[in-house]
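Student: Sequence:
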Amino acid sequence: MNPLVAFRATLAQPAPDAGADLAIQGLWWAAKGDWDRAHQCVQQREGVPRCDLVHAHLHRLEGDEGNAAYWYRRAGRAPSTLPLAAEWESIVTELLTT
14 MNPLVAFRAT LAQPAPDAGA DLAIQGLWWA AKGDWDRAHQ CVQQREGVPR CDLVHAHLHR
74 LEGDEGNAAY WYRRAGRAPS TLPLAAEWES IVTELLTT
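Numbering (the working numbering), first residue to last: 14 to 111.
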(Lines of atoms letter the chains of each structure in order from A and count residues from 1; the text may use other names and numbers.)
(Lines give C-alpha, C1' and ligand atoms only; values in the text may rest on other atoms or scores of the structure.)
Protein backbone atom coordinates (compact mmCIF):
# COMPACT_ATOMS: atom_id res chain seq x y z
CA MET A 1 0.00 0.00 0.00
CA ASN A 2 1.13 3.56 -0.68
CA PRO A 3 2.70 4.96 2.54
CA LEU A 4 0.66 8.17 2.33
CA VAL A 5 -2.60 6.24 1.92
CA ALA A 6 -1.68 3.96 4.82
CA PHE A 7 -0.80 6.93 7.00
CA ARG A 8 -4.05 8.73 6.17
CA ALA A 9 -5.93 5.58 7.24
CA THR A 10 -4.41 5.90 10.73
CA LEU A 11 -6.08 9.30 11.13
CA ALA A 12 -9.29 7.46 12.04
CA GLN A 13 -7.54 6.19 15.20
CA PRO A 14 -7.65 8.10 18.50
CA ALA A 15 -3.84 8.41 18.57
CA PRO A 16 -0.87 7.83 16.25
CA ASP A 17 0.64 4.36 15.99
CA ALA A 18 2.59 3.47 19.13
CA GLY A 19 5.86 2.94 17.24
CA ALA A 20 5.71 6.20 15.28
CA ASP A 21 8.67 8.52 15.80
CA LEU A 22 8.10 12.06 17.02
CA ALA A 23 8.26 13.63 13.55
CA ILE A 24 5.54 11.29 12.28
CA GLN A 25 3.51 11.88 15.44
CA GLY A 26 3.80 15.61 14.83
CA LEU A 27 2.48 15.23 11.29
CA TRP A 28 -0.32 13.01 12.57
CA TRP A 29 -1.44 15.56 15.19
CA ALA A 30 -1.16 18.36 12.63
CA ALA A 31 -3.51 16.46 10.32
CA LYS A 32 -5.94 16.09 13.22
CA GLY A 33 -5.86 19.87 13.73
CA ASP A 34 -4.00 19.74 17.05
CA TRP A 35 -1.15 22.18 16.35
CA ASP A 36 -0.07 22.39 20.00
CA ARG A 37 0.30 18.64 20.37
CA ALA A 38 2.13 18.42 17.02
CA HIS A 39 4.48 21.17 18.17
CA GLN A 40 5.12 19.43 21.49
CA CYS A 41 6.15 16.27 19.63
CA VAL A 42 8.79 17.90 17.44
CA GLN A 43 10.10 20.14 20.23
CA GLN A 44 11.18 17.00 22.07
CA ARG A 45 13.76 16.23 19.37
CA GLU A 46 15.05 19.64 18.28
CA GLY A 47 18.24 19.21 16.29
CA VAL A 48 17.01 16.04 14.59
CA PRO A 49 16.55 17.09 10.95
CA ARG A 50 13.27 15.23 10.41
CA CYS A 51 11.74 16.86 13.50
CA ASP A 52 13.16 20.25 12.49
CA LEU A 53 11.52 19.87 9.07
CA VAL A 54 8.13 19.13 10.61
CA HIS A 55 8.74 22.01 13.04
CA ALA A 56 9.25 24.32 10.04
CA HIS A 57 6.04 23.09 8.44
CA LEU A 58 4.11 23.70 11.66
CA HIS A 59 5.30 27.31 11.93
CA ARG A 60 4.47 27.83 8.28
CA LEU A 61 1.02 26.38 9.00
CA GLU A 62 0.47 28.94 11.76
CA GLY A 63 1.59 31.74 9.42
CA ASP A 64 4.91 32.48 11.13
CA GLU A 65 7.14 32.50 8.04
CA GLY A 66 10.16 33.93 9.89
CA ASN A 67 10.14 31.17 12.48
CA ALA A 68 9.48 28.60 9.76
CA ALA A 69 12.55 29.84 7.84
CA TYR A 70 14.68 29.32 10.94
CA TRP A 71 13.52 25.71 11.26
CA TYR A 72 13.99 25.03 7.54
CA ARG A 73 17.60 26.20 7.94
CA ARG A 74 18.04 23.92 10.96
CA ALA A 75 16.68 21.06 8.86
CA GLY A 76 19.12 21.91 6.04
CA ARG A 77 16.30 22.83 3.66
CA ALA A 78 15.14 25.80 1.66
CA PRO A 79 11.74 27.12 2.75
CA SER A 80 8.92 25.31 1.01
CA THR A 81 6.83 27.09 -1.60
CA LEU A 82 4.36 24.23 -1.93
CA PRO A 83 0.79 24.70 -0.81
CA LEU A 84 0.55 23.59 2.84
CA ALA A 85 -1.40 20.41 2.11
CA ALA A 86 1.04 19.40 -0.61
CA GLU A 87 3.99 20.07 1.68
CA TRP A 88 2.41 17.92 4.42
CA GLU A 89 1.92 15.07 1.93
CA SER A 90 5.49 15.45 0.67
CA ILE A 91 6.95 15.35 4.18
CA VAL A 92 4.82 12.35 5.20
CA THR A 93 5.87 10.45 2.08
CA GLU A 94 9.55 11.34 2.54
CA LEU A 95 9.68 10.42 6.21
CA LEU A 96 7.82 7.14 5.75
CA THR A 97 10.03 6.02 2.87
CA THR A 98 13.47 6.96 4.22
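Just so you know, the hints here were simulated from the structure itself, not pulled from any lab data.
Be careful, since some hints might not be right.
[What the hints assert, rightly or not] Each pair of labels, with its calculated beta carbon distance range: (1) 28 - 94: 30 to 40 angstroms; (2) 22 - 103: 15 to 25 angstroms; (3) 57 - 23: 16 to 26 angstroms; (4) 86 - 14: 28 to 38 angstroms; (5) 89 - 56: 15 to 25 angstroms; (6) 62 - 95: 11 to 21 angstroms; (7) 26 - 106: 11 to 21 angstroms; (8) 14 - 60: 26 to 36 angstroms; (9) 95 - 24: 15 to 25 angstroms; (10) 32 - 82: 25 to 35 angstroms; (11) 19 - 83: 30 to 40 angstroms; (12) 53 - 83: 17 to 27 angstroms.
The C-beta atom is built at its ideal place from N, Cα and C for all residues, glycine as well.
Student: Hint by hint, say whether it matches the structure.
Tutor: Checked hints:
1. Restraint check, residue 28 to residue 94: a C-beta distance of roughly 32 angstroms satisfies the suggested window 30 to 40 angstroms.
2. Between residue 22 and residue 103 the beta carbon distance is about 18 angstroms. The supplied range of 15 to 25 angstroms therefore holds.
3. Range check, residue 57 to residue 23: about 20 angstroms between beta-carbon atoms, so the 16 to 26 angstroms window is met.
4. As the Cβ distance of residue 86 to residue 14 is approximately 34 angstroms, the hint placing it in 28 to 38 angstroms holds.
5. For residue 89 and residue 56, the Cβ-Cβ distance of about 18 angstroms falls inside the hinted range of 15 to 25 angstroms, so the restraint holds.
6. A hinted range of 11 to 21 angstroms for the beta carbons of residue 62 and residue 95 is consistent with their spacing of about 18 angstroms.
7. Between residue 26 and residue 106 the beta carbons are some 19 angstroms apart, a value that agrees with the proposed interval 11 to 21 angstroms.
8. Distance hint check: the CB atoms of residue 14 and residue 60 are about 32 angstroms apart, consistent with the given range 26 to 36 angstroms.
9. Range check, residue 95 to residue 24: Cβ separation about 20 angstroms, and the 15 to 25 angstroms hint holds.
10. At about 32 angstroms, the beta-carbon gap between residue 32 and residue 82 stays in the expected band of 25 to 35 angstroms.
11. Between residue 19 and residue 83, the C-beta spacing of about 32 angstroms keeps the proposed range 30 to 40 angstroms intact.
12. Taking 17 to 27 angstroms as the suggested C-beta distance range, the pair residue 53 and residue 83 conforms, at roughly 18 angstroms.
The structure fails none of the hints (numbered hints given earlier).
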